[in-house]
Amino acid sequence: MRLSEADSHALAGAPAPTYLEDGTTVMSWLNTRDHKRVAVLFLFSVIFFFFIGGVFALLLRFKLLQPGPFFVDAISYNRLFTLHGVVMIFLFLIPAIPSAFGNFVLPLMIGARDVAFPRINLLSWYLYWIGAVIAIWAMVHGGADTGWTFYTPYSSTSPTQVAPILLGAFILGFSSILTGLNFIVTVHTLRAPGLSWMRMPLFVWGLYATSIIQILATPVLGITLLVVTVERIGGFGLFDPARGGDPVLFQHMFWFYSHPAVYIMVLPAMGVISECVCAFSRKNPFGYRAIAFSSIGIAFVGFFTWGHHLFVAGQSTFIGGAFGILSMFVGIFTAIKVFNWVGTLYRGAISFKTPFAYICGFLYFLVFGGMTGIALATTSLDIHWHDTYFIVAHFHFIMVGASVMAFLAGLHYWFPKMFGRTYSEGWGLVAASLIILGFNATFVPQFLLGNFGMPRRYYQYPEHFQALNVASTAGATLLGFGFIIILIYLAIALRYGERSVPNPWGSKGFEWMTASPPPTHNFDEIPTITQMPHDYRTHEPPGVIRVA
Amino acid sequence: MNEFLRRLLFLPDQASTFARDLDQLHFFVIITTFVMSTAVGLTAIVFFVRYRRRSETQTTPHIEVPPWMEALFISVPLSLFVFWFFLGYREFVRQQTPPADSMDVYVMAKKWMWKFAYPDGPNAVNVLRVPAGRNVRLLMTSRDVIHSFYVPEFRVKMDVLPGRYTQAWFNAVSPGRYQILCAEFCGAGHSIMRGEVIALKPQEFEDWLAYQHRGVVATQDGAPTELDFAPPLGNLVDQGRRIAAEQGCLKCHSTDGTRHIGPTWLDLYHRRERLTDGSTVEADEAYLTQSMMDPAFRVVEGFQPVMPSFQGKLAGPEVAALLEYIKSLQSDAVRTGPSEGPAYAPVRGR
Amino acid sequence: MGIPEGIIGHHFSSLARQNEAMRLGMWLFLATEILLFAGLFTGYAVYRFEFPLAFADGSRHLNLAAGTVNTVVLITSSFTVALAIHFARTDRPRAAAVCLVLTILMALAFLGIKAIEYTEHFHERALPGKFYAFKEVPIPGAAMFYSLYFLMTGLHGLHVVIGMSVLTWILWRTLQGRYSSRYYTGLELGGLYWHLVDLIWIFLYPLLYLI
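Residue numbers (my numbering), protein chains in the order written: chain C, 7 to 554; chain R, 12 to 361; chain E, 210 to 420.
Keep in mind that the hints are not guaranteed to be accurate.
[Claimed, not checked] No farther apart than 27 angstroms at their CA atoms in a straight line, the calculated lysine-lysine pairs in the DSS-like style are these:
id: 1; chain 1: R; residue 1: Lys262; chain 2: R; residue 2: Lys126
id: 2; chain 1: E; residue 1: Lys339; chain 2: R; residue 2: Lys324
id: 3; chain 1: R; residue 1: Lys121; chain 2: E; residue 2: Lys339
id: 4; chain 1: R; residue 1: Lys121; chain 2: R; residue 2: Lys262
id: 5; chain 1: E; residue 1: Lys323; chain 2: E; residue 2: Lys339
id: 6; chain 1: R; residue 1: Lys262; chain 2: R; residue 2: Lys324
id: 7; chain 1: R; residue 1: Lys324; chain 2: R; residue 2: Lys126
id: 8; chain 1: E; residue 1: Lys323; chain 2: E; residue 2: Lys344
id: 9; chain 1: E; residue 1: Lys344; chain 2: R; residue 2: Lys262
id: 10; chain 1: R; residue 1: Lys324; chain 2: E; residue 2: Lys323
id: 11; chain 1: R; residue 1: Lys122; chain 2: E; residue 2: Lys339
id: 12; chain 1: R; residue 1: Lys122; chain 2: R; residue 2: Lys324
Quick caveat, the hints were computed from the structure, so don't treat them as lab data.
Just chain C, same shape as in the assembly (with noise of 0.2 angstroms):
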């Protein structure tokens, strides 16, 4: 076996170098076994294909400017808005923090060198963009116009290119039931000695909670379109009336994984910001078995509520009425949360970051979008507001709002992990602030739009509902802008950005026992862990900190 440079470096005597530099060549990375690097190829795909899927919504949202025809035709709208809601949440989304900053700080976070399976980590990116070029290929023939949602028969029917965005949406799939796999082993068998469950950080809890999700509720999506690609290709019919199938069926099977996969989307942005609020208020967690197991909760309860996208499916009364009380339930463990969170900040030592601005912003959408969900789930509000823009705003607080403030706190708190810089702080605030106030001025107007009565995805519109939906294009005309600054000043940063010191936060999280960045090897010596995470009653300088 043929020393890596790190190894050659540690014979001569020199200090190890870092990740980034132990080998440069290109296939040094695509041949990589090191979670680190993995997550670091990740993170580029994803905020690539962020700002493809943002480039949709824009598109969308500028046609929107005008009731009538205009910009594009309705079948290039449609198309539009299916390609926005497949990009965003198969591309981006459900990846984005398991596999960009999962992949590199929990085994950091354990005390591990790498994850339990480095090389099906590196085949999970390999399958992520196979998937991916299968997507982009059906989007430059034209796409998909079904909604992401693909109902039958609309979708086994539709004479776009339906089969290879699921074929795509498949592959993708399988990128992450092995990235929830090598999660959950990792955590089981990769521990330091003296890191008990009890004292894993958060962010590993809300890993392993979005892990089971991953593995369990995936294989129930590829199935369902698997089947309506044999639907289409081949008249099989189990959702066709025609042929004595039930397209309801399709939207059990469906909703049974794309619920769960929003608390897979959820989920991982809660433990970042567990982590962020602990390191910018430098204080412990409030409770911590409570914030710990909540998550463990909505991965269990989530599984049991997906009828709630069916209130007005054709489902019966009572089932309907069965799922809206589940629903109810799933609700609580986020207020628990929330509770926690703030419960944190009492006596804390506030440090009002960039990340802190995203925790605020955060904390605002995740109450505002949940509540908004516990309306929904009361079954009879749904009547009215089921397929209008409420639903559309509904998620996008918690998707955009909550999960893409989380992903965006999370790379301003790890930043000078992964790449030893620091960023500029004042333009960090500024698009914080533009992205917390674009983000509202594009979301609220289509709430109002969804109690006015305007149906989702529709390409026109009756002229009344012109002015809220101007007033959402400004929006997020801004919000645009605001992702725009920080790609400059983290690209800047990422090339001329200050050295920054081991640990600049004084944060106690375990992955601060190590150099920023890491070398490969993670640790010199594996530590033993006997502190308890996110423990702040000692002060700790910025250098790396110790554990034991």
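Assemble the complex: chain C is given as a structure, and chains R and E must be docked to it using the hints.
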């Protein structure tokens, strides 16, 4: 107060009996949410200021949530959420359960239009005329993909599925015009698949119906709108009679009581039939429809299971027309008035 | 699944840990496979409830003999793969290799019998969905039965092929002498996968052929 909140929240007019009650729940939920969220938010802001970092070497005490507080964190939201759920579910059951005295209208959705048919009245395209103040039940099916019948001002919405009937009901409080929007994505014309509910004063509605029977489209608010372009096609019973002849039903089923290859249709509706397996069934819409689609499943005693299946051969509205025709075949005098509808027992009977 | 010397990955503290990880990983993966098929079993349950007569009738028209033989073949192949693991664990790689060969041959036999069945269906025009034209079972729901039959056995067949490939690779490594009493985890995992393939068939067989 109701009006102020309604306008503030951009809610449309409360044009149905259901809308006003629903909006009350909406206001309750949203006001409580705002109050509680503001409380939480203000607490957080107070903490931001009071507990801001004062020095780089500052440490903090280890504080854990006392169990009673955690119990509060759980019990307060839980009670509120469950309370809202019960209020909401009560309304939901009410909205899902058409009252027994509802007047029926058959709705057929297809890309990208709405067709309406009255049991003993005309057909219409995209315009649904109903009497105000009357319970109206919609029996809906789709010709092709899933659509959804949505009238924002009534707060009524129900998906319309191919191969199945779904139902919804409303009671328009006062005369007026209310927009129908399709609320389930169905392709290029989804956003222009619109219609109108025109609620007429009861007497005007009767007048309109009467004129329809004579084949003329013209009354006060029955003035044609730009959406109203279909000529009346005759009523469902006539259509049913025509379809029965065309599809060959009358080769095996008589309409005058004589026993033939299949049971006679005279007085068939709601007749108690004994089946070959010994059980009895009441011949309601569900049984009659099943007999057309899967005839071998429940065969009347004394007859051979030779009836072919009409699945795929009869569209939803054609089945509806046949049902109305069968219902009209009563041995006493000609039946007038709206159809009785299937023997559904409403949940919690209202 | 590394080379006999230096099997342990640099990030594992011991071989025992690594074995534990590999086993857990494989069990988790098997869970995903079960959930994949669960979707189809759900579809089967729903449509069996809708069309009980058609499903019963369709089931009667399947080749029961072929299905039974296939079941015996698969169960025996699970036995031989378990034997292979036993032989590897007791340092008899040659016997292990023979057992693996037997397993693979039986997998091939399974596929062969399935191919014969499919050909029969094709001739009878008992095909899925829109191609269905099987005169002997003309009632509604029969096409649905055959759609599900082909989907379920087709997906299962695909997994038989995957399992066979995995076993072939494991056979090759056995012949290279990589498995011994010290380390046989790779072989064990391949065997586990094969057991799953067998288990799925054990559920498919009664649902499709017997009831």
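Checked hints:
| no. | hint | verdict |
| --- | --- | --- |
| 1 | R/Lys262 <-> R/Lys126 | violated (30 angstroms) |
| 2 | E/Lys339 <-> R/Lys324 | holds (15 angstroms) |
| 3 | R/Lys121 <-> E/Lys339 | holds (22 angstroms) |
| 4 | R/Lys121 <-> R/Lys262 | violated (32 angstroms) |
| 5 | E/Lys323 <-> E/Lys339 | holds (22 angstroms) |
| 6 | R/Lys262 <-> R/Lys324 | holds (17 angstroms) |
| 7 | R/Lys324 <-> R/Lys126 | holds (20 angstroms) |
| 8 | E/Lys323 <-> E/Lys344 | holds (22 angstroms) |
| 9 | E/Lys344 <-> R/Lys262 | holds (25 angstroms) |
| 10 | R/Lys324 <-> E/Lys323 | violated (35 angstroms) |
| 11 | R/Lys122 <-> E/Lys339 | holds (23 angstroms) |
| 12 | R/Lys122 <-> R/Lys324 | holds (20 angstroms) |
The structure fails hints 1, 4 and 10 (numbered hints given earlier, in ascending order).
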